[in-house]
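Please model the entire structure based on the sequences and the hints provided.
If you want the building blocks of each chain, they are given just below.
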Amino acid sequence: MSFKDVAAFMFSAAEDEPALAAGEAMLRAGATNLAAVLVELQPDPVYTMEGVMVSAMWAEVVAEARKGFAQEKAALEARCKKSDSPIAVRELPVASGFAGADAAVHARHADVSIMTRPAGLKAFEARNAVFEGVLFGSGRPVLLVPPDWRGDRVGRRVVVAWNGKREAARALADATPLLDQADEIAIVTIDAKPSIEGVGPAPGADIAAHLARRGLKVQVRNLDGLGRDDADTLIAGARAFDADLIVMGGYGRARLSEVVFGGMTRSMATKSPLPLLMSH
Amino acid sequence: MSLKDILAIAIRLEADEPALRAAALLSAQFEAHATALVLGVHASSDYAESIAKLSDVLADLAQGSRGMAAREHARIEEWLSRQHGRFETRKLVIEDALLRREVLAHARHADLAVMTRPAPDAMQEAHEHVLHALLFGSGRPLLLVPPGWNGNNLSDRILIAWDAKREAARAVADALPLLRTARDVVIATIDAIPEDGGHGPTPGKDLAVHLERHGVDVRVNNVDGMGRTAAAALMDEAAALDANLIVMGGYGHARAREWLWGGVTRELTEYARTPLFMSH
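Chains as they are written, first to last, in the working numbering: chain A, 1 to 280; chain B, 281 to 560.
Since the hints were made in silico from the structure, they are not lab data.
We put the beta carbon where it would ideally sit given N, CA and C, even for glycine.
All the given hints hold, so there is nothing to weed out.
Subject to a maximum C-alpha distance of 25 Å in a straight line, what follows is the list of computed DSS-like cross-link-like pairs (lysine-lysine): (1) A:Lys-82 - A:Lys-67; (2) B:Lys-371 - A:Lys-165; (3) B:Lys-371 - A:Lys-193; (4) A:Lys-67 - A:Lys-81; (5) A:Lys-165 - A:Lys-271; (6) A:Lys-193 - A:Lys-217.
Stretches of chain B that chain A covers, calculated by requiring three or more beta carbons in the stretch to come under 8 Å of a beta carbon on chain A: (7) 378-384; (8) 417-425; (9) 480-490.
Take a look at the structure:
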């Protein structure tokens, strides 16, 4: 059973081409619906020192933003028309500060949300907010695609980063549609310490047995970190396996009323050269 | 999500037979592997406080392998032996399961955990602790079967308790294998406000469209709470539908290393007469 209902969150037709292309790959793999959700950032109100809005200036700011969005939308619609399959273009107007929450609501009705990796792109803050909102707030997985991704399929050879934690279990379950279609799957542990309550007495073996019951044949690779940080070890391991997808838990810690990314999650989301499927 | 690997929790046969029966039922329906995780409670355990007098504790210690936990285990094994070899059995001492959180390692390697919901009996505290750990910590869905449940179907008529939040989206995604086999699925919202709290202009419709893309036919019922608690309204809806299952988000808030239950979740897990399928 493949993903059926896919949402790609986009900010720009050009920069988000990889996300859209990954969405099209999902359609080829059996998805029936792809929505290109174009995020429209509402400009922040401008106030004078007296707290009164300068209306002329504000009108200009709004007009500028509208024009920019209309151009992006036209470009995206033109791009979607060229696609082999129908792609629905939707608008998601968001006020700054609410991008994450609004995108999460949208993502709750999709099987998976796709985004281009925010690092290094324009509107980084808003992109990151959407990524954070969808990862922590949608209850569904997120696929992050690198800005230079040029693939035609996601998940031919899949690496699953396994540490025995809740989020990893979540990601593994959410990745089922992709795992079912994969040619090869490797379970990767990094500097694993055998333990009964975590990765098991033979790290990776229990989860491999579970996947076998789901009809999936996997290999287990217990990687030695060799003093590198975990993200680098994982990326190197994925390269060695010739993977085209990494599945991992997306970690965050609650800080006051917000959730902040865990270290490994942040670093993978910043530098992974391969598409990442994450769940929280 | 697939349903190929089911974990049933058994502490005392008397109380936990409903969970074992539910697991057997699902395992037959989905041709899934079933595991019974038997949690041994020795008379000296804190969890046995209310049923074991000091003299019993001493007798239990003296009896060793013929003691209380062993007798209960034998009873459960005897029940399982009548299930045509459907179950694999694993054995854990309840303190290891809970204090060392080993129960989570087992649940994270399964597609679904099944347990009987706590009832005011000798094992209430044990059941509550297991429920708490699994719901908030496993990353996998939990099927909570009411005490004394004697149904023979879990997926014919399903009620989805839909509040458009992350946890509910999670539960619906996790319940897809069951939803696909259902004859009648009702999405119930209680006192929903359009365009508020994650709902769109027509509460429940977005989810209905999404589920239809998965081949699940659904009806939406926007229920007026009429002063009832949301939980009471849901239980009434479930009764009216004669639902075999309620699919719902399992809510809790992390407070100083502890999880506090959400109100609706608490009330349903205490009183619902319908099995509950929950994800967090």
